[in-house]
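J.: Let the hints inform the model, and build the full structure from the sequences given.
Here are the chains, one letter per residue:
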Amino acid sequence: MRVTLVLPLLLREHAGGRQRLEVEPGEATLAGVLDVVAARHPALERRLRDESRGLRRHVNFYLDGEECRWLDGAGSEVRDGTEVRVIPSVAGG
Amino acid sequence: MSNRVLLLIGTRKGLWLAHRHRGDWEVTGPHLPMAEIYAVAADTRGAPRLLVGASSTHFGPSVVTSDDLGATWQEPEVAPIAFPADTGVALERVWQLAPGPADHPEVVHAGGEPSALFRSEDRGRTFQLVRGLWDHPHRERWEPGFGGQAVHTVLANPHDPDRVVVAMSAGGVYRTEDGGDSWQASNRGIKAYFLPDEYPEFGQCVHKIAQHPAEPERFFLQNHHGVYRSDDGAASWRSIADGLPSDFGFPIVTHPHRPDVVFGFPLTADATRYPPGGRCRVYRSEDAGETWTGLSEGLPDRFWSAVMRDALCTDDADPAGVYFGSRSGEVYAGSDDGDRWERIAAHLPDVLSLRAMSW
Numbered sequence: 001m002r003v004t005l006v007l008p009l010l011l012r013e014h015a016g017g018r019q020r021l022e023v024e025p026g027e028a029t030l031a032g033v034l035d036v037v038a039a040r041h042p043a044l045e046r047r048l049r050d051e052s053r054g055l056r057r058h059v060n061f062y063l064d065g066e067e068c069r070w071l072d073g074a075g076s077e078v079r080d081g082t083e084v085r086v087i088p089s090v091a092g093g
Numbered sequence: 001m002s003n004r005v006l007l008l009i010g011t012r013k014g015l016w017l018a019h020r021h022r023g024d025w026e027v028t029g030p031h032l033p034m035a036e037i038y039a040v041a042a043d044t045r046g047a048p049r050l051l052v053g054a055s056s057t058h059f060g061p062s063v064v065t066s067d068d069l070g071a072t073w074q075e076p077e078v079a080p081i082a083f084p085a086d087t088g089v090a091l092e093r094v095w096q097l098a099p100g101p102a103d104h105p106e107v108v109h110a111g112g113e114p115s116a117l118f119r120s121e122d123r124g125r126t127f128q129l130v131r132g133l134w135d136h137p138h139r140e141r142w143e144p145g146f147g148g149q150a151v152h153t154v155l156a157n158p159h160d161p162d163r164v165v166v167a168m169s170a171g172g173v174y175r176t177e178d179g180g181d182s183w184q185a186s187n188r189g190i191k192a193y194f195l196p197d198e199y200p201e202f203g204q205c206v207h208k209i210a211q212h213p214a215e216p217e218r219f220f221l222q223n224h225h226g227v228y229r230s231d232d233g234a235a236s237w238r239s240i241a242d243g244l245p246s247d248f249g250f251p252i253v254t255h256p257h258r259p260d261v262v263f264g265f266p267l268t269a270d271a272t273r274y275p276p277g278g279r280c281r282v283y284r285s286e287d288a289g290e291t292w293t294g295l296s297e298g299l300p301d302r303f304w305s306a307v308m309r310d311a312l313c314t315d316d317a318d319p320a321g322v323y324f325g326s327r328s329g330e331v332y333a334g335s336d337d338g339d340r341w342e343r344i345a346a347h348l349p350d351v352l353s354l355r356a357m358s359w
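First to last, the protein sequences are chains A and B. Numbered per my numbering, the first sequence spans residues 1 to 93. Numbered per my numbering, the second sequence spans residues 1 to 359.
These aren't lab readings, by the way, just hints derived from the structure by calculation. These numbers were taken from a predicted model, which means no experiment stands behind them. Glycine included, each C-beta is placed from N, C-alpha and C at the ideal position. Hints should not be assumed to be uniformly reliable.
[Unchecked claim] Far from chain A, some chain B residues (derived; all Cβ distances over 12 Å):
#	residue
1	58
2	85
3	87
4	91
5	136
[Claimed, not checked] Partial selection, computed: residues in chain B whose CB lies under 7 Å from chain A:
#	residue
6	57
7	59
8	60
9	64
10	77
11	79
12	88
13	90
14	199
15	200
[As the list claims (entries may be wrong)] Ranges of calculated distance between the beta carbons of each label pair, as one might list FRET restraints:
#	chain 1	residue 1	chain 2	residue 2	range
16	A	90	B	48	34 to 40 Å
17	A	42	B	231	46 to 52 Å
18	A	42	B	298	31 to 37 Å
T.: Right under this line is the structure:
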């Protein structure tokens, strides 16, 4: 199973400058995808999750267009070909 | 003042650096734009290293370092400070980065939110949780101050690496004499007027404590109402607020060389949080808090801002340069132990932390 993680410009420096990361998760969930990212790009993953594996509050994950909080959060299911878009919130002043 | 000074200015929206050379100040920034900079440190125990606690509101906290006085910054791949998995807790923010004793140049302490102490043995690259404080039975009854529940002050004894004093809002002062394995609440004499027991064992809202390396048994403390001194290693405290226009404020610092000289920035409280009368004044004592003098030359009236707990510092020259930054984004430098002041930066985001190094 292969999942694509699409990164915003702000985070690409932590993924070798790439916009898209191809990931083969061991567990078919968003958390499983991020576990692979943690092993390959720890500086990227810790900007997406805290050390208790909680998704950061102002980082949003869209799985094929559905925001993961409307699915099952970090436990949301991924399939072969799922595209996970990382989109930071526009909140802040 | 010494010839060259580098001043680290941590703000709510990034880091600025002010460099003084031959009397002129040059301010550069933003470095680390948009990061909240609650903690800055200049470690001069070897080749100078700058350490910065930087938090992104989106992407979380980190510690970055520079070994070339801010020209470039480094950050390890893995999180420099993180809670162990078994705690189930995540770091919110780094509030304090404190180089350890001079003869232990690899040791750096960090204070964090939620209230926790971390210790580095590699000069601030990686940190480990100090379990003795985390496992303290009082921890579940520590309450957050308005800014959060954090260890915001860490003072290592300059001569005995096993002795460390920390302060937190709200929780009070704690000290260890066995390298962090066990901790004692050390708040005897400090008032907590907002609690039913006004002199509790712990729970005080301590804003900052300071120590001088030549008098390591003596501490100065700025409380949420109350200014205190301890002469017995933080075991007990007595008021030194007489002579100040207010006993409220956030920072307190000692002179780099004269252990009887201490500086603070009083604010009226609690109903307002401005300097008394809107007069921007640093207060200095030259007799360990027995008497105080308001320093005014070069400082403005009609000043309706405040100075946060880590936004007052000295360099290590003699006479000392003294520096403070305001929530209104101004930075002032005082020469000759604070006798004369000049504004060296304005229109920055609100200043949270300042540290200076001189050479």
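J.: For every hint, state whether the structure bears it out.
T.: Evaluated hints:
1. The beta carbon of residue 58/B sits about 4 Å from the closest Cβ of chain A, which is not more than 12 Å, so the claim that it is off the interface is violated.
2. A Cβ of chain A approaches the Cβ of residue 85/B within 12 Å, the least distance being about 7 Å, so the stated non-interface status is violated.
3. Taking the minimum C-beta to C-beta distance to chain A, about 8 Å, the non-interface status of residue 87/B is violated against the 12 Å cut.
4. Not every beta carbon of chain A lies more than 12 Å from that of residue 91/B, the smallest distance being close to 7 Å; the non-interface claim is violated.
5. Even its closest Cβ contact with chain A, about 21 Å, leaves residue 136/B beyond 12 Å, as expected for a residue assigned away from the interface.
6. A least Cβ separation of about 6 Å between residue 57/B and chain A falls short of the 7 Å threshold, and the interface hint therefore holds.
7. The interface hint given for residue 59/B holds, since its Cβ lies 4 Å from the closest Cβ of chain A, which is under the 7 Å cut-off.
8. Because the closest C-beta pair between residue 60/B and chain A is about 6 Å apart, less than 7 Å, the hint holds.
9. Evaluation of the residue 64/B hint against chain A yields a violated restraint, the C-beta minimum of about 11 Å exceeding 7 Å.
10. Look at residue 77/B: its Cβ gets to within about 5 Å of chain A, closer than 7 Å, so that hint holds up.
11. The interface hint given for residue 79/B is met, as the beta carbon of that residue sits about 5 Å from the closest beta carbon of chain A, less than 7 Å.
12. With its C-beta approaching chain A no nearer than about 6 Å, residue 88/B sits inside the 7 Å limit, and its interface hint holds.
13. Evaluation of the residue 90/B hint against chain A yields a held restraint, the C-beta minimum of about 3 Å falling below 7 Å.
14. With a least beta-carbon distance of about 37 Å to chain A, the hint placing residue 199/B at the interface is violated under the 7 Å criterion.
15. A cut of 7 Å between beta carbons decides the hint on residue 200/B: the least distance to chain A is about 31 Å, and the hint is violated.
16. A hinted range of 34 to 40 Å for the beta carbons of residue 90/A and residue 48/B is consistent with their spacing of about 39 Å.
17. One distance hint, 46 to 52 Å for the beta-carbon pair residue 42/A and residue 231/B, holds here, with the actual separation near 47 Å.
18. Between residue 42/A and residue 298/B, the C-beta spacing of about 48 Å breaks the proposed range 31 to 37 Å.
The structure fails to meet hints 1, 2, 3, 4, 9, 14, 15 and 18 from the earlier list, while all remaining hints are met.
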